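Student: Chain residues, written in single-letter form:
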Amino acid sequence: MERPLTANIRPGEPPLDIEGYERSGGYRAVRRALSELSPDDVLELVIDSGLRGRGGAGFPTGQKWRFMPRGDDAPRPRYLIANADEMEPGTFKDRLLLEGDPHQLIEGMILSAYAIGANVAYVFLRDEYRLAAETLRRAIAEATDRGFLGEHILGSEISLSLHLHTSAGRYICGEETALISALEGRRAIPRTKPPFPQLVGLWGKPTVVNNVETLCNVPHIVNNGAEWFRSLGLTSDSGTKLYGASGKVKRPGLWELPMGTPIRELLEEHAGGMRDGYRFRALLPGGASTDFLVEEHLDTPMDFESIQKVGSRLGTGTMIVLDDKTCPVAMLHNLEHFFAQESCGWCTPCRDGLPYVEHLLAAIDAGDGRPRDLALLEMHTRHLGPGRTFCAHAPGAMEPLQSGLRYFRDDFERHIAERRCPYR
Amino acid sequence: MLTPQETAEIEHELSQYERKRAACIDALKIVQRHRGWVSDEALHDIAELLEMPVDELDAVATFYNLIYRRPVGRHVVHLCDSVSCWLAGSDALAERIRERFGVRVGETDSEGRFTVLPIPCLGCCDRAPAMLVDGNLHVDLDPERLDETLERYG
Amino acid sequence: MPIYVDNREYPAAPEKNLLEHCLSLGLNLPYFCWHPAMGSVGACRQCAVKQYRDERDTEGRIVMACMTPAAEGLRIGLDEPEARDFRARVIEWLMVNHPHDCPVCEEGGECHLQDMTVMTGHNYRRYRGLKRTHRNQYLGPFLNHEMNRCIACYRCVRFYQDYAGGDDLRAFASHHHVYFGRHEDGVLESEWSGNLAEVCPTGVFTDKPFSKHYVRKWDLQSAPSICVHCGHGCNVAAQERYGRLRRVVNRFNGDVNGYFICDRGRYGHGFVTAPTRVRAPLLRTGNRELEAVGVDEALHAASEMLAGRVIGIGSPRASLEANFALKRLVGDDAFYMGVGGPDAAALEAVHAIRTETATRAPTLIDVENADAMLVLGEDVASTAPRMALALRQATRNRQKAIASGLGIPAWLDQPVRTAGHGQLSPLYVATPVPTRLDAIAAGIFRGSADEIARLGFAIAARIDARAPGVDDLTRDVSELAARIADALASASRPLVVSGVSIRSVAVLEAAANVALALGAKLGRPADLALALPECNSMGLELLGARSLDDALEHAERQPIRAAIVLENDLARRMPRAALERFGERVEHLIVVDHTLHATARAADLVLPAAAFAEGDGTLVNNEGRAQRFFQAYVPDGEIRESWRWLAELARRRGIECGWASLDDVIADCAASSRRLAPIVDAAPGARFRIADRRIAREPARYSGRTAMHANVDIREPKPPEDPDTPLAFSMEGYYGPRVPPALIPFFRAPGWNSNQSVHKFLDETGRALRGGNPGVRLVEPGADARRAYFEARASLPPSGDALRVVPLADVFGSDELAALSPPVAERIPEPCVVLGPADADARGIVDGMTAEIELGETSLALPVRVVPGLAAGTLGVPIGLPGMPFIAAETAKVGGRGTAGDPR
Ligand SMILES: Cc1cc2nc3c(=O)[nH]c(=O)nc-3n(C[C@H](O)[C@H](O)[C@H](O)COP(=O)(O)O)c2cc1C
Ligand code: SF4
Ligand code: FES
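Residue numbers (my numbering), protein chains in the order written: chain W, 1 to 424; chain Y, 1 to 154; chain C, 1 to 904.
Chain W on its own, in the form it takes in the complex (with noise of 0.2 Å):
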């Protein structure tokens, strides 16, 4: 089985240096793109191949890059800008990658500037992934060095400075659009959309943002070809995807695997199962604003589409694992506490109706529920919908909830009816 994204990657060891990665085949997408491949070249590749953003949306990749403005007109400079602001609770995949293979990062990024003709990049890391920091620095120092960062790399008439900016904190730094605003040195408010960034981003100018997996996947197409990317897939997918897994199984962990795995085999056979004395009740499929899956959907394949049909969304791919001896309104109230803490403030439905939901969560949850609660906490997820609010951080906030109150219905109801928690 191909693992294109953790090839150089062995736990426990440091990540190569720019030696070990060129290699180890490293850098010669690169070196091929620059002298053989146009930019539309390249981002022709890059829409064929399918690849779909991995940083929760799942928006392709292709066309984001697309709506850049081209030409000699177009307006500079333009932006790159790797989101490794990784915070959704339950994930923990683009660590891996940034402390494992940073070269691979880098190389994903020059050539992604190079499809975008983007000449200044910024990867945006939080402040708590020191060593991803460390790693990083090191490894752009190395790059610069050799002459694949900076004025004419590689002798070519491509210019790409790689900068690393380290956030202060805050989850909505994530978002793409408060990122910008927080990489300018302002609060992390998002911003409105149209214009996207890709006409009005960071400074006023054109500026994709992706995903730090979704940018290592490029070199790797650029090697291989969209072809071989799609056929990685199980399903009608493409790639691989760093799938993950916590809560209470045996072995909690990250493995890239085909996209389209079915969740059952993951569950199963790479987490092992359920520690001993727990039975599996339900999970986030991609971090903490995913809708609940429950036991029916273990069969379902962890891709984008098959995902979204069963009511859900692939997220970030990293699973969260509800087991049967754990109170779902405790998590839920878990969960919403940290979307309202990390509201930026800016919309009302969030910035209040957070707290509430919050609020209402703690009394059930502490064994002071009323009835009429149920019907406040639904009202919430109708009204806290995408298109209510300023951005996608309350429906995502929601996500965990709607499904929460369907399938667990009769624990919220035995909170209320029994004034305590059933399960302490």
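Just so you know, these hints were derived from the structure itself, not from any lab. Among the hints, erroneous ones may be present.
List time: in silico DSS-like cross-link candidates among lysine-lysine, alpha-carbon distance up to 27 Å [to be verified]:
| no. | chain 1 | residue 1 | chain 2 | residue 2 |
| --- | --- | --- | --- | --- |
| 1 | W | K193 | C | K400 |
| 2 | C | K400 | Y | K20 |
| 3 | C | K16 | C | K400 |
| 4 | C | K760 | C | K16 |
| 5 | W | K193 | C | K16 |
| 6 | C | K131 | C | K208 |
| 7 | W | K250 | W | K325 |
| 8 | C | K208 | C | K400 |
Estimated spans, in silico, between C-beta atoms of each pair [stated by the list, open to error]:
| no. | chain 1 | residue 1 | chain 2 | residue 2 | range |
| --- | --- | --- | --- | --- | --- |
| 9 | C | N123 | W | R382 | 14 to 24 Å |
| 10 | Y | Y153 | C | T133 | 32 to 42 Å |
| 11 | C | G848 | Y | W37 | 30 to 40 Å |
Bear in mind the structure is a predicted one, so any value in this text is a computation, not a measurement. We put the CB at the ideal spot given by N, CA and C, even for glycine.
Start from chain W and add chains Y and C with the ligands according to the hints.
Tutor: Then chains Y and C with the ligands, alone, in the frame of chain W:
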């Protein structure tokens, strides 16, 4: 007054950005790295260096949870309170810190040794529960390992 | 193609957003974060409606009206249950933390949040938790801060920071802890801060001086009025209760002030109730002090004093009618304008430019639409603040153009700012001292008045070779002139701004030449805005009067029995020695004024005049727009409008004016000059009625009328008559959408108790009241424009030790009347002179030192502030600050080594 070291580090960051003010988050972090937190005085100094209004800088500083506008203890403990760590028992860790070190989440103990703050998911969900102490990551915690770890920070 | 709202057809308005469009169609749609002047940001989510793809779409989706263009074919449901429910929930969320303190909240009764809550129908609290609380801040003398009431609509920071350029009010923290204030307690610096009280849709920021004597909006008696604190003539409403002027608020006029007035205008009215107020006639008998006397005694004394040669000294801060009455009383030859020396020369130059050249005085909207601007000589932010705010908006036109090129509409606020990142339309500022516009200027020039004038002439000559130029410019200056000229000449709506505060005829003529050169290029009169210091400076000029210097000369020539000084403190107009000499030559000094200033204290008789809120009249602003102000209430004591005193004095001198009411004065005044003829139309006359009814000054809910005089007489007194205006001192009368714009006493509409109700009176959002913006323009560039260019003149700086004096205006301190208002007085800086670093060094002076300043015959000890950027060879001298004498000197000497003053 910013130290020459701090000023030099901040000025180094400026080259990364199109505009001076974009370096303000880096500047706040640099000062915090040297002093533990960002005082009003430091805030004024940074604002002056970056030629931005001090109110604007504070608007940014107070937005981000990793910038401290109040003094902290000798060590800052960030206890992950997100879902995977919670599933793995992070509540018990918070309870343990309160019992052993007499400090609740969000507070600093009376001797000024630890400030304990909650932090969203540290990206270690496979090795939960996790925490950062002074930026160093500690994973696979349980109450005993927590004690051991914290005792190492005097 | 039309748009469909709840299946009814309405015209589309693709250039507007749907919220704005719905409001102008008269539909009620609640909102918070949108503001007509500040555009849409989509933060509050209150304006939600359902949008349908087409007729067949029954699902629809919720969109924010403020973020959606009212494009052709749009189908929306405003009344749709899901949208209604969502709007009610937005209020429910806002109410989670909002205190239930309406009964004690000063916003109550004019609270937009209250209105919107009622409109959405949310009325039952379901949230059981505690409310979060905030600490409030001390923000200075103008505003209260009550953060718990905040609903985080972000309007305050968007106004203060984005719109008005203030730095010290921000949003802090995040999620539901967001906090709006300063990073530490302290006075809000911006001279626009008071608008927060109107911009904030709840009671977070409220008018602090008003809260000392607080009443509900519905209990205020109001009248349409005009701000008297500078020449811009912002429209305001003056509001009273129990015989006391309580507050002044903005009154929309799209051509003059739009939605905003400055703090000088909002808080300056304190002079009306200050201890300096004159409420009864004051008479000096023999060598005694002034003593309050009855009206008969005063008039009797006046008759005697007037027996002989009498001259009249008018005033740029008195109404046209008052000045006209004085002119009638003393005769044209004995009427002087009450401004002398360099100030009079500058005013005359303005008059000449306005009436003899083909330049056009721009309206507010014209200023805001300009795409290249030159400010020549005038620190407008200090002398005509509202114009500076408009210039600030004009600099954003470049961003709007860039955005428009990307398909982003001008009202989509944040994308416009982002797309035009930091790009500003060119604004050039040429002033002696740094100004608050410098930060957004494309280029700055510092120099003395003459140097600025020379720059101006050079710019004009560069734009049009026929304009007279100047030689011997330095390379830097001529390059700058070329740069400015090119920017102006390539603009489609260039604007030149100047004013009289720099006291230089040369600067004004240079500004006129630039505008004339631009006009030649454009083939139409170019916009030239000239800032004037007082509320009727322009009116006085149009009325025609000779300078105060001529009055002194007159008195020198022949002894004078009496001088009548109308609403004027001559100590602010001429040097003390000249004033003393004048006093010797005049046997009796009669002052008609509301305020006991130095001149009044020296008078033999003071007649108590009505202040602006207590009388009616006409003022002519910068733009040449005649605007009427109306009496808000009947003052107690023996206070009368100046024109009534003067008409009475005239009668006693045997001149029968035959004026029974203000309309008669206006008619005579209009008949006296072709220019002034249109003033009759500035507002409807006293006989105007709507359905036989006067316009009510009091809201229908005005309470307590039967009881408010019960301590005097338990019978309810008859409301006072008003012979002068079509307004009634009563709630009886008409109030509604048909009130002519010039007569709107306050804004309110069913369901809209706050000032947001303005939109119910508008023709076009942000632009015009229904029926047109109030006022008539008296001066349009026309047939009289006979002058091609002014001669270039401007001498070079003096040599030697002397410094060129540049007058410094202070936004709060330079206005005589506002300075008497206690909250404004708190904001006035101590007088000091300013010096550039090189000149300071050369004299061994450091910042904060006190130095001896010789200004002609006057010498003063004042602290020196060393200001980088001040032109070499100039000395900034504060003009008009309380405690400062009148200074006319053109050069100054800073005496030797100064002494260290108090460290400040
Ligand atoms: C509240 C919020 C948080 C987000 N956080 C992240 C994040 O931490 N990392 C990330 O790559 N994308 C995050 N996203 C998605 C980004 O907005 C954006 O879609 C993504 O970076 C685009 O990259 P992709 O197309 O490669 O997936 C977040 C979105 C939202 C609404
Ligand atoms: S939904 Fe609104 S408040 Fe929440 S993060 Fe997005 S913009 Fe901010
Ligand atoms: S007015 Fe439309 S979102 Fe606030």
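Student: All the hints need checking, so say for each whether the structure fits it.
Tutor: Structure-based check of each hint:
Straight-line distance between C-alpha atoms of K193 of chain W and K400 of chain C comes to about 17 Å, which keeps the hinted pair within the 27 Å bound. Proposed proximity of K400 of chain C and K20 of chain Y is supported: the alpha carbons are some 24 Å apart, at most 27 Å. For the hint pairing K16 of chain C with K400 of chain C, the CA-to-CA distance comes to about 14 Å; that is within 27 Å, so the pair holds. Distance hint between K760 of chain C and K16 of chain C is fulfilled; the C-alpha atoms sit about 17 Å from each other, no more than 27 Å.
With a CA separation close to 18 Å, the supplied pair K193 of chain W and K16 of chain C stays within the 27 Å bound. Under the criterion of a C-alpha separation no larger than 27 Å, the hint pairing K131 of chain C with K208 of chain C is consistent with the structure, at around 26 Å. As the CA atoms of K250 of chain W and K325 of chain W are separated by approximately 15 Å, the hinted pair is consistent with the 27 Å bound. A threshold of 27 Å between alpha carbons decides the hint, and for K208 of chain C with K400 of chain C the separation of about 36 Å lies outside it, so the pair is violated.
Between N123 of chain C and R382 of chain W the beta carbons are some 21 Å apart, a value that agrees with the proposed interval 14 to 24 Å. One distance hint, 32 to 42 Å for the beta-carbon pair Y153 of chain Y and T133 of chain C, holds here, with the actual separation near 35 Å. Checked against the hint of 30 to 40 Å, the pair G848 of chain C and W37 of chain Y passes, with Cβ atoms roughly 34 Å apart.
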